[in-house]
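Undergrad: Taken in sequence, the protein lines are chains A and B.
Going by the numbering used here, the first residue of the first sequence is number -15, and it counts up by one from there.
Going by the numbering used here, the first residue of the second sequence is number 786, and it counts up by one from there.
No wet-lab data here; the hints were simulated from the structure.
Cβ coordinates follow ideal geometry from the N, Cα and C atoms, glycine included.
There could be a bad hint or two in this list.
[To be verified] Label-pair distances were calculated between CB atoms; the ranges are:
| hint | chain 1 | residue 1 | chain 2 | residue 2 | range |
| --- | --- | --- | --- | --- | --- |
| 1 | A | V150 | B | A844 | 19 to 27 angstroms |
| 2 | B | P895 | A | A8 | 21 to 29 angstroms |
| 3 | B | P895 | A | P149 | 47 to 55 angstroms |
| 4 | B | E872 | A | R17 | 56 to 64 angstroms |
| 5 | A | L146 | B | I1084 | 25 to 33 angstroms |
| 6 | B | W822 | A | T94 | 18 to 26 angstroms |
| 7 | B | R1091 | A | V18 | 30 to 38 angstroms |
| 8 | A | L75 | B | P977 | 51 to 59 angstroms |
| 9 | B | A843 | A | I151 | 47 to 55 angstroms |
| 10 | A | T200 | B | A843 | 27 to 35 angstroms |
| 11 | B | I1084 | A | G260 | 36 to 44 angstroms |
| 12 | B | P909 | A | S53 | 45 to 53 angstroms |
| 13 | B | E872 | A | Y297 | 29 to 37 angstroms |
| 14 | A | V21 | B | Y980 | 22 to 30 angstroms |
[To be verified] Residues from chain A that face chain B, not an exhaustive set, calculated with beta carbons under 10 angstroms:
| hint | residue |
| --- | --- |
| 15 | L122 |
| 16 | L163 |
| 17 | T283 |
The lines below spell out each chain.
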Amino acid sequence: MAFLNQEKRELTSFVASVESRRHARRWVRAEQRVVMVVLLLATLVSVMATVGIIYTLLKESYGFFQVVSVWEFITGTRWAPLFEPQAFGVLPLIAGTLLAAGIAGIVALTLGLGAAIYLSEYAPDRVRRIIKPILEVLAGIPTVVYGFFALSFVTPLLQSFLPIPVIFNVLSAGIVMGLMIMPMVSTLSEDAMVAVPRELRDAAYALGATRFEVATKVVVPAALPGIVAAFILALSRAIGETLIVTIAAGATPNLTLNPLESIQTMTAYIVQVSLGETPQGTLVFKTIFAVGLLLFLMTLIMNIVGRWVVRRYTERY
Amino acid sequence: MEHEQPSLRSARVTGPIDDSVTRPRFSVSTRSTWRRWRDRFFFVLFFASVAIGILGLAALVIDVMTDGLGALDFSFINSYPSRHAEESGIRAALFGTIWITVGTAAFAIPIGVGTAIFLEEFAPDHWSVRLVQLNIANLAGVPSIIYGILGLALFVQAFALGRSVLAGSLTMTLLVLPIVVIVSQEAIKAVPGEYRDAAFALGANRWQVVKTVVLPQAIPGIMSGIILALSRAVGEAAPMLMISSLVFLTFIPSSPGDRFTVLPVQIFNWVSLPQPGFQAVASAGIIVLLAVLLSLNSIAIWIRNRYQTRY
């Protein structure tokens, strides 16, 4: 009898443990299902962000383009929404933006490519490990600091030997912006250069090439897609940059190619309106969405092209 | 497969001989001198581009220091902005920055890390998933001022949050989200597949594998990524200009619904004031901002070096 009881007890505890294990497994599975739903929702936030950006820009721009025709917007040569008589030709803002980004691009391409060649072809490993982080500090400095630097240091410096009429000028802003995006060009280009296989360099050296010849005739051509992409992405960064141009380049929409003049970029205009007393919902307020839409499209296209260049033209060794 | 290897020997016999290096002729030696000279010249030029970058950084730091160190003292840290330059301080901006950073972290960390886990560990290889991935890469390239427009239209107006700490944090969350996601994905990717296989072999399901094996390994990488994203949030001015809108705040926000200002916005305000004294105040603010960023980045680098595992 005692024996039977013992067996019964063991059986019960066995059943209980199976029950509890099944229960635990069910719990584990339920937990995973809940977690997956939560993670999926988190992932949808970034999708919603894009939808939100596009919806907001399109909706308010639509209201703007009901009053001002798209044609007038993109071909007009006078931008004066804040004054009478109003004018809504965005070309001066585009010209200012491209002028500032162009100057930045020239500075960043020269310095960035030179630095990348030095770091990947000339610098000893020890020097490289010191210099790279220092250059990358440049990319981490807030843009408002660069704006201050442009206004308080670079502009007076330029004024000492160039005829700059007012303190605001696009040259100073462009140069400083170039300094800001330089590490982006140099890091991305250097990555592309380092990826060029050793054998190609060794082959050129074996033919008696100098380091300069190896760099410019073998490494740079082989790394060209990466360099082009770095340049495009850096330019897109410069086009969307706000604080440096707002602080140092001025607030005068100006259809000019003269780098010594004051201009206004698209981003600086958006800041100007949003800081002003413009009531929300008015036509003037809606201009920032139309300008924003244009800015969004320009940078989006450049980013897509930049990444496409890398993927399409990168040699696989 | 027999391949005839072109030997050096046959090349020497059949090919045209370029003996410009070995042949001791005057014209040739000027050519090689020219090539060597050009090599040196461009070495100097390439090094100069690095030097200009570093000099630019040095000039910036010196410029800020000479203008600002004189104005930097405890009363500057502890005062509210004022009409008079010498009485101005960054108390409101400093606390506003802390509010926004904490708020951004509260939203961006769970959402960003969650997205990264989902994309790396759970998502099937499907076109919609690739689209989401592409979308995140594109979001990382959207100019920050666009996030300001979105925040203004969506959080401030549509959600009726006003120009509040909450609206600012949510805007900043969307701005840094792509960074958090991308860096976290890198950290998760770096955990070797064998670790996962070992856990699966013990009967763990996917979430148990992530929870007990992948995440503990990836946490240092994720942490340093989060800190870098937050330091971006601390220094970002454009969207905060639009959301906070310049105000002379003489109080510290005490709830997420309060108005706020942040360091970069306060600095921008001072930089754009014409009165001469405010340049020094702006520089002093910049010194504080750079100090905050420097310590954040040092922490990130320390975490990376301390916990980095090489597989």
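Undergrad: Does each hint fit the structure? Answer for all of them.
TA: Hints, verified against the model:
no.	hint	verdict
1	V150/A to A844/B: 19 to 27 angstroms	holds, 23 angstroms
2	P895/B to A8/A: 21 to 29 angstroms	holds, 27 angstroms
3	P895/B to P149/A: 47 to 55 angstroms	holds, 53 angstroms
4	E872/B to R17/A: 56 to 64 angstroms	holds, 59 angstroms
5	L146/A to I1084/B: 25 to 33 angstroms	violated, 43 angstroms
6	W822/B to T94/A: 18 to 26 angstroms	holds, 21 angstroms
7	R1091/B to V18/A: 30 to 38 angstroms	holds, 34 angstroms
8	L75/A to P977/B: 51 to 59 angstroms	holds, 55 angstroms
9	A843/B to I151/A: 47 to 55 angstroms	violated, 24 angstroms
10	T200/A to A843/B: 27 to 35 angstroms	holds, 29 angstroms
11	I1084/B to G260/A: 36 to 44 angstroms	holds, 39 angstroms
12	P909/B to S53/A: 45 to 53 angstroms	holds, 46 angstroms
13	E872/B to Y297/A: 29 to 37 angstroms	violated, 59 angstroms
14	V21/A to Y980/B: 22 to 30 angstroms	holds, 25 angstroms
15	L122	holds, 6 angstroms
16	L163	holds, 5 angstroms
17	T283	holds, 6 angstroms
Violated hints, in rising order: 5, 9, 13; the structure is consistent with all others.
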